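J.: Chain by chain, the residues:
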Amino acid sequence: MDYDYDVIVIGAGPGGSMAAKTAAEKGLDVLLIEKRQEIGAPVRCAEGVSREALEEFFEIEKSWIAKEVVGAIIYGPDGSSIRMSAKMAGNEVGFVLERKIFDRALARMAAKAGADVVVKTTATSMRRVNDGVEVELKRMGESFSVRSKIVIGADGVESRVGKWAGIDTTVKIGEIESCIQYLMAGIEFDADYTHFWIGNCYAPGGYVWLFPKGEGVANVGIGVLPTKTKKGPKYHLDSFVKEHFPEGEIIEVVAGGVPVSGGLESAVADNVMLVGDAARHADPMTGGGIANAIKGGYFAAKVAKEAVEVNNFSKEFLKRYDDLWKNDFGETLSRNKAIQKKILKLDDDTLSKLIRSVSGYDLEQISLRRLMIELIKKNPRILWDLRSLFM
Amino acid sequence: MSVEGVEGAEGVEGTAENAAEKREGKLVIDRYKCAYCGACIAVCKYDANLLIETFVWVDDEKCTLCKACLRTCPMQAIEIIEVAEE
Ligand SMILES: Cc1cc2nc3c(=O)[nH]c(=O)nc-3n(C[C@H](O)[C@H](O)[C@H](O)COP(=O)(O)OP(=O)(O)OC[C@H]3O[C@@H](n4cnc5c(N)ncnc54)[C@H](O)[C@@H]3O)c2cc1C
Ligand code: SF4
Ligand code: SF4
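Which chain is which? The protein sequence lines are X and V, in order. Oh and the first sequence: position 189 is 189 in our numbering, straight run, nothing missing. One gets our numbering by counting positions in the second sequence from 1 and adding 1000 to each.
It is worth saying that the hints were derived from the structure and are not from the lab. Quick caveat, the model's predicted, so the values are computed rather than measured. All the pointers check out, no bait thrown in.
Calculated pairs, DSS-like style, for lysine-lysine (alpha carbon to alpha carbon, straight line, at most 27 Å):
#  : chain 1 : residue 1 : chain 2 : residue 2
1  : X       : LYS230    : V       : LYS1062
2  : X       : LYS138    : V       : LYS1062
3  : X       : LYS234    : V       : LYS1026
4  : X       : LYS326    : X       : LYS342
5  : X       : LYS337    : V       : LYS1067
6  : V       : LYS1045   : X       : LYS337
7  : V       : LYS1067   : X       : LYS228
8  : X       : LYS230    : V       : LYS1026
9  : V       : LYS1067   : X       : LYS341
10 : X       : LYS341    : X       : LYS377
11 : X       : LYS353    : X       : LYS337
12 : V       : LYS1067   : X       : LYS234
13 : X       : LYS326    : X       : LYS341
14 : X       : LYS377    : X       : LYS337
15 : X       : LYS319    : V       : LYS1045
16 : X       : LYS138    : V       : LYS1045
17 : V       : LYS1045   : X       : LYS326
18 : X       : LYS230    : V       : LYS1045
19 : X       : LYS345    : V       : LYS1067
20 : V       : LYS1045   : X       : LYS341
Quick list of the computed label-pair ranges, beta carbon to beta carbon:
#  : chain 1 : residue 1 : chain 2 : residue 2 : range
21 : V       : ARG1031   : X       : ARG83     : 39 to 45 Å
22 : V       : TYR1032   : X       : ARG83     : 38 to 44 Å
23 : V       : GLY1025   : X       : ASP78     : 42 to 48 Å
Glycine is no exception: its CB is placed at the ideal position from the N, C-alpha and C atoms.
Chain V on its own, in the form it takes in the complex:
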């Protein structure tokens, strides 16, 4: 019952393609859903997020939108929203 194309232990997200998509969205945390558990921090290999007590802070400059945190979040509190071109 594994998700298509994803093998258990190899599940590291974050490829060059993802990085190239960088400007196309922004990671946001729904504060009504977030339980400040820290799981999203453990899986971010770009050091792009921090749990400051009850607040998850995301560094947009570092975030590659790789979705590792989004897929790990127990509360499904993480979303990528579109941002308008400047």
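Same shape as in the complex, but just chain X:
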């Protein structure tokens, strides 16, 4: 069979662009397709990411970063709070990105590395032909098909690629955070921190966040579980904003769904690998998915290169990709899924009690793991079943 490309990457979010960039750098023939007319817009993200997650792969450019923060403050239902340093708080704390710029920069890197990039082009179906795949594309009224050895599905929350390949990617409604966010201006907050409010009183099954984008400007958003409230995220966010930031102006509205199922059992099929939100790789506890999308994109491209070298695109071979992500962030996904399940069962009084029990600690110095151990020790009756994850 004649192939037009070694790899077709569907979707130019952080996961897809990273995959295309890496695959092209490794010498593969790559096509990156994006259905939107503008990469990176509209944004579906609160834009928080850690310094480490970016530094691992890129020379960070100033223009990507709207604001750098030193840590996170978490508020409980009764107003008690804990403060953590960015280093300790994990994957989503450190930088608040300007994703419209960041996503485009990544796509540009893919192009520079040699990938063909096309926008306003939608993949509409896919089928296996001999040892490869044929992807149907629609571009401004024109339909055509392109053949490749491998398809990397980086098509986000609305992913179709998995289903085309026979992977069930349907997310249960108890496992997707329904989110609304306002970019607010003219509000007062400590811009050196990202802020989180937890508890059913704020966000049933999720949390409220405030990620600073500058002095007086921030992404203020909420995620709720559809199984925990009938009112929808907008109602809950509006109540929060009315109480906390009545003076603010809303200058942008963002909506989105974050899968918090903790990852697919397997993200591969014959000729196909899924990365990022398409593989449901967002963190079930925080909802953050940028870091894992980038890593997943890198791993998938690495395996694509190996597959092309030995001319083997079978599911069996591509399982190497599953091994890579599982051995890397897969463990954290499962662990955080267990913590999330636990937190969902706690009522607001218990949550407040947990936060109060560690309020006095100097969390600038303590790791997340250490914090969990302290929490379990201080509240054994509530958290005993989590001990095997940390102790």
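Since the structure of chain X is provided, determine the placement of chain V with the ligands on it from the hints.
T.: Then chain V with the ligands, alone, in the frame of chain X:
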């Protein structure tokens, strides 16, 4: 504070009863509310909807009116309207 009778992780919608009700309504998206975020697509297990750039397309033949998308939509943009018998 969970919604009556619905347990977190088991929340998959779409039962045979829902499918039987199929002809009794039609799913519509309020385009003034929709923010084309794609959340509704992720939860549809019948492959009945698609996000075409800024437009959510629903395949009435496949849609079982299971309401999974309706309950997930952050903008509450999805409604089921009655359709007159033919
Ligand atoms: C409100 C909200 C707040 C969030 N906040 C954070 C945060 O603070 N930190 C964090 O780390 N994560 C956050 N996330 C999650 C984060 O946005 C995602 O995990 C991340 O964007 C996933 O990257 P991706 O490359 O997998 O997918 P996306 O960035 O979603 O990219 C997928 C791309 O594929 C394209 N596409 C889809 N289908 C097709 C097709 N058929 N043909 C062609 N192109 C197609 C889409 O148009 C899109 O551009 C948030 C999400 C939401 C909704
Ligand atoms: S979930 Fe709602 S807002 Fe998002 S695309 Fe679907 S209908 Fe539109
Ligand atoms: S109601 Fe929504 S989720 Fe259910 S089948 Fe129809 S489109 Fe799919």
